Structure formats: C-alpha cells, structure tokens
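Model the full structure from these sequences, guided by the hints.
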Amino acid sequence: MKLVTAIIKPHKVDDVKDALKAAGLQGMTVDEVKGFGRQGGKTEIYRGAEYVVDLLPKVKIETVVPDEIADQVAEVIVAAARTGKIGDGKVWISSIDKIIRIRTGELGDEAV
Amino acid sequence: MIDSGDTAWMLISTGLVLFMTPGLAFFYGGMVRAKNMLGMLMQNFFAMGLMAILWVTIAFSLAFGNFGDGGFIGNLDFAWMRNINATTGSEAFALTIPFVLFCAYQMTFAVITPALITGATADRFKFKAYVIFIALWLVLVYAPVAHWVFGGGWLAKLGALDFAGGAVVHINAGAAALAVVLVLGKRKGWPREGMHPHNLPFTLLGTGILWFGWFGFNAGSALGANGIAATALMNTFLAASAGMIGWSLFERIKDGKPTTLGAASGAVAGLVAITPCAGFVGGMAPILIGLAAGVLCVFAIQLKFKFGYDDSLDVVGVHLVGGLVGALLLGFFADATINPLVKNEGLFVGGDAKLLWYQFVASAVTLVFSFVVSFIIAKAIDKTIGMRVTEEEENEGLDYSQHAETAYSFGSTGSMDRL
Numbered sequence: 103m104k105l106v107t108a109i110i111k112p113h114k115v116d117d118v119k120d121a122l123k124a125a126g127l128q129g130m131t132v133d134e135v136k137g138f139g140r141q142g143g144k145t146e147i148y149r150g151a152e153y154v155v156d157l158l159p160k161v162k163i164e165t166v167v168p169d170e171i172a173d174q175v176a177e178v179i180v181a182a183a184r185t186g187k188i189g190d191g192k193v194w195i196s197s198i199d200k201i202i203r204i205r206t207g208e209l210g211d212e213a214v
Numbered sequence: 470m471i472d473s474g475d476t477a478w479m480l481i482s483t484g485l486v487l488f489m490t491p492g493l494a495f496f497y498g499g500m501v502r503a504k505n506m507l508g509m510l511m512q513n514f515f516a517m518g519l520m521a522i523l524w525v526t527i528a529f530s531l532a533f534g535n536f537g538d539g540g541f542i543g544n545l546d547f548a549w550m551r552n553i554n555a556t557t558g559s560e561a562f563a564l565t566i567p568f569v570l571f572c573a574y575q576m577t578f579a580v581i582t583p584a585l586i587t588g589a590t591a592d593r594f595k596f597k598a599y600v601i602f603i604a605l606w607l608v609l610v611y612a613p614v615a616h617w618v619f620g621g622g623w624l625a626k627l628g629a630l631d632f633a634g635g636a637v638v639h640i641n642a643g644a645a646a647l648a649v650v651l652v653l654g655k656r657k658g659w660p661r662e663g664m665h666p667h668n669l670p671f672t673l674l675g676t677g678i679l680w681f682g683w684f685g686f687n688a689g690s691a692l693g694a695n696g697i698a699a700t701a702l703m704n705t706f707l708a709a710s711a712g713m714i715g716w717s718l719f720e721r722i723k724d725g726k727p728t729t730l731g732a733a734s735g736a737v738a739g740l741v742a743i744t745p746c747a748g749f750v751g752g753m754a755p756i757l758i759g760l761a762a763g764v765l766c767v768f769a770i771q772l773k774f775k776f777g778y779d780d781s782l783d784v785v786g787v788h789l790v791g792g793l794v795g796a797l798l799l800g801f802f803a804d805a806t807i808n809p810l811v812k813n814e815g816l817f818v819g820g821d822a823k824l825l826w827y828q829f830v831a832s833a834v835t836l837v838f839s840f841v842v843s844f845i846i847a848k849a850i851d852k853t854i855g856m857r858v859t860e861e862e863e864n865e866g867l868d869y870s871q872h873a874e875t876a877y878s879f880g881s882t883g884s885m886d887r888l
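Going down the list, the sequences are from chains E and B. In the numbering used here, each residue's number is its place in the first sequence (first place is 1) plus 102. In the numbering used here, each residue's number is its place in the second sequence (first place is 1) plus 469.
Check each hint, because a few of them may be wrong.
List time: in silico DSS-like cross-link candidates among lysine-lysine, alpha-carbon distance up to 30 Å [unchecked claim]:
# : chain 1 : residue 1 : chain 2 : residue 2
1 : E       : Lys144    : B       : Lys655
2 : E       : Lys162    : E       : Lys187
3 : E       : Lys162    : B       : Lys504
No wet-lab data here; the hints were simulated from the structure. These numbers were taken from a predicted model, which means no experiment stands behind them.
Encoded structure:
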C-alpha cells in the first residue's frame with residue numbers, strides 16, 4: 103500500500119476531490135495546513151505597519167491506495183490541482199507497512 | 470423648570486453614551502491578539518461598574534460642586550448621592566432636566582474616559598493595578614479637569630470652549646495614556662514581532678457602535694432637545710464621514726490599499742475632533758475638521774515608531790492628537806450664530822484670534838496636568854504593587870493569566886472536565 107500526500111492551494115480542494123471521486127477513489131483525509139515553499143510570503147498592512155505573512159495557508163490531502171494505482175492517483179491530483187502559477191504545491195508517494203480497518207479488523211488492501 | 474422633551478432626549482442620550490463603552494471594548498478588542506481579548510473587554514466593562522460607583526460617591530461632587538466658581542475643584546455637597554434627586558438642584562445649574570439625570574448623563578462620560586486609556590496599555594496591564602489606577606485617576610485627574618471646563622471652573626471662565634469633551638475626555642485620556650505607557654514599557658517583542666489585529670470585524674462593529682453612541686455624547690451635550698442638539702448631531706455625522714474619507718484617501722495614496730482598520734480609525738478620529746466643536750460650528754466646518762483629523766491622525770500614529778513608545782492601539786495618535794486638532798480648530802470655526810454661548814468667535818468667523826489662544830491654553834494645561842498626575846499615579850502603583858504582568862503571564866495572555874478564562878474555544882476535542 104502507498105500513502106499519497108498532496109499539498110495544494112486551498113481553492114483547488116473541490117477540484118481535486120471531484121477528480122479523485124471520478125477516478126473511483128473510496129476516501130481521503132483533508133487538513134488545513136500552513137507552510138512555505140518557493141512562493142514566499144505576502145504582505146499585510148495594519149495602520150501603516152507592514153507585516154510579512156510567510157506561512158501561507160495550504161490544504162494537505164492524504165489517501166492510502168493499493169500499490170498499482172498510486173501513480174495514477176498522483177497524476178489525477180497533479181492534473182486537478184495545477185494552475186501553472188507558483189505555489190501550486192507538491193505530491194509525494196510513500197510506502198505504508200500496515201493498515202487496519204477499525205470496524206472489521208480487515209488488513210491490507212481489504213482495509214483501504 | 471423641568472422640560473419633558475429635554476428630559477426624554479437626555480434619558481436616551483445617557484443610554485447612547487453608556488453603549489459607547491462596550492463599543493470601545495470591541496473596537497479595541499478586535500485589534501489585540503486573541504489571547505488578550507477578554508482582558509481588553511474586562512478592562513472596559515469593569516469601568517462601567519467601578520466608575521459609576523465612584524462617580525456618585527465622590528467624583529461628581531468634585532467635578533460639579535461649586536458650579537461656576539471659576540476655580541480648580543468642586544466640593545463635597547453632592548458626595549454620597551447627597552442632594553442628587555429628581556426634584557431639586559437643577560435651578561442652580563440652569564438645567565431643564567432632573568438633576569439626577571444630569572448626574573447620570575455625566576456619569577457615562579466618567580465611565581468611558583478612563584476606559585479610553587486601555588487601548589494604549591493593551592496586553593500587559595495587570596488587572597489589579599488597572600483597577601487602582603482608574604479609580605485614582607477619576608478622582609485626581611478627571612474630576613478636576615471636568616470642573617475646570619464643564620463645572621464652570623477656571624478654563625470655562627477664561628473663555629475656552631469645549632462642547633462635549635475634546636479636552637476633558639480626549640486630550641485628558643490621550644495624555645494619560647502616554648504617561649502610563651511610559652511607565653509600563655513596551656509589549657514584549659514590540660515592534661519587531663507581528664501583533665496584528667485578531668478580529669477586525671469586531672473593530673468595525675465597535676466603530677459602528679461608537680459612531681451611533683456619539684450622537685448621545687455630542688448632541689446630548691446640548692442638555693436638551695433643541696436646535697443646538699440637532700446641529701451637533703449633523704456635525705458629528707459629517708466629521709466622522711470626512712475623517713473616514715481623509716484617512717482612507719491617505720492610505721490609498723501611501724500604501725496602495727484603503728484598509729478597513731484605516732476607515733474605522735479615520736471615522737473615530739473625526740468623531741474625536743468634532744467633540745469639542747459639535748454645538749459651536751456649522752456649515753462646512755465639520756467636514757473640514759473631520760478631514761483634517763483623519764489626515765493628521767494617520768501621521769500621528771507613526772510617531773510611536775519614531776520615538777519608541779508602545780501606544781499599542783494608538784490612543785495618543787487618535788485621541789490626544791484628534792482632541793488637539795478639534796480643540797484648536799474650534800478657535801478658527803466657532804460661530805456665535807450657531808450657539809449664543811460663543812462669546813469670542815473663531816479666527817475664520819469673527820477675525821479674532823482670542824478664542825484660538827484660549828483653546829491653546831486649555832489644551833496645553835489639560836495635556837500637561839493629565840500627563841504629570843497620571844505619570845505620578847502610575848509610578849506610585851508601579852513601585853508598590855507593580856503595574857505590569859509578569860513575562861510569563863504576558864506570554865500566556867491576559868485572558869487566562871488575569872481572568873482564568875479563554876475568549877475562544879472552537880472545536881470539540883480537548884473538552885474540559887469539571888474539577
């Protein structure tokens with residue numbers, strides 16, 4: 103099993119979710135996160151005082167999938183989340199040792 | 470002779486002015502960091518409790534006893550609510566409303582004036598020290614200054630004008646704020662760390678409440694339902710509007726974007742500046758006064774970075790400077806055709822600089838007196854019980870360290886068990 107993790111722009115969440123559903127994915131977990139990459143920060147102004155906000159809001163999507171479809175899932179995410187502008191985010195795939203469905207106790211691909 | 474129309478308007482005005490204090494609490498509260506929200510709200514709300522009690526027990530008498538004596542302080546004729554009732558007392562003050570209502574109306578001013586200081590001292594004032602400070606300040610600073618100006622004391626006799634409290638309220642509170650922040654010191658991390666507002670919608674809501682309540686503050690200061698009250702109301706509205714436009718325009722040119730905080734601040738600056746002028750000027754004067762306040766205050770709030778004093782939410786920049794702008798511009802725009810109480814018209818109206826000089830004297834004396842006495846009170850408290858919270862308490866925030874509460878608890882995880 104693989105864990106596919108994506109960090110994307112917040113306004114792309116629905117596009118990615120819909121694309122993953124259309125591709126037949128059964129579930130995903132979403133987090134609101136902050137971070138920085140090459141995009142850098144933005145400047146806010148309060149009574150003339152400028153503040154640099156260098157941790158920008160992003161959304162983290164995680165989903166565990168069978169080995170053979172991990173690359174395809176990553177491609178679906180990349181296609182749906184891309185705007186072509188700096189700050190679109192990243193997708194990575196990592197290996198999972200074990201997965202258990204809490205309700206039934208099923209293991210491995212059965213549990214995904 | 471008690472007039473029912475005047476009485477009705479002053480009953481409403483009293484409620485309007487009282488409502489400004491919670492408005493101020495949210496105006497300031499939105500600008501502090503989330504961990505200090507309740508600390509800010511509590512300081513303002515507590516003033517509604519403590520100042521009211523102190524007002525009727527002692528401060529009102531010190532401010533309004535010996536009415537019209539041209540002196541420095543009142544007496545104890547009205548202490549402990551003595552002689553304050555609905556049937557007697559109004560004649561000596563030439564009032565057309567019950568005397569007890571006059572006392573209640575002035576009480577709302579005594580509540581909000583010390584509360585204005587909380588904006589400068591945000592995030593680090595120990596609650597116990599704050600309570601002692603405002604109690605002493607009401608008696609030692611507010612009551613005498615109110616006597617000089619509103620109580621027919623020496624500044625009123627001199628010929629200085631102050632319709633609703635440009636000197637008594639705004640210069641007074643602004644100068645005290647500067648003195649207290651010099652004793653308290655800077656917030657930990659200021660100005661290097663970002664301490665931006667945690668909830669600007671609250672700040673805008675507070676601004677709306679202030680603007681609404683200010684009609685009671687200024688139009689109520691006519692002490693009756695009459696033409697001067699109506700003029701004061703119109704002037705108040707226009708100055709707030711012009712202040713907002715002045716500040717926003719300046720920001721748009723300087724920083725590229727007009728901010729909501731700037732619009733709110735400009736409106737408040739305009740309201741502050743029109744306060745001494747409200748029932749004494751007419752025509753386009755309130756627009757010019759508001760515009761001037763909006764633009765000058767946006768400059769004034771930069772001074773703290775230059776001189777390194779942490780006036781956290783710009784009480785000096787908005788209330789002291791805005792109050793000075795209004796008090797001095799009254800020396801140019803006061804108009805006897807608007808209000809017969811204007812004995813010396815402004816420079817632009819009557820061509821005489823006499824009033825401008827009186828306005829300068831009243832402003833300068835109030836500023837210096839308030840600054841000096843406030844500084845002494847603050848120093849004395851600092852030497853005895855300490856003015857400031859500990860570094861640990863400051864990190865934790867005033868909400869928890871001073872009041873054992875949290876302003877916001879969202880989400881259902883980590884719920885609390887009853888001890």
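Q | Restraint status (C-alpha distance of Lys162/E to Lys187/E at most 30 Å) | A | holds, 18 Å
Q) Within 30 Å, alpha carbon to alpha carbon, are Lys144/E and Lys655/B? A) holds, 27 Å
Q | Pair hint outcome, Lys162/E versus Lys504/B [Cα-Cα no greater than 30 Å] | A | At roughly 27 Å apart (the allowed maximum being 30 Å), Lys504/B and Lys162/E satisfy the hint.
Checked against the numbered hints listed earlier, the structure breaks none of them; every hint is satisfied.
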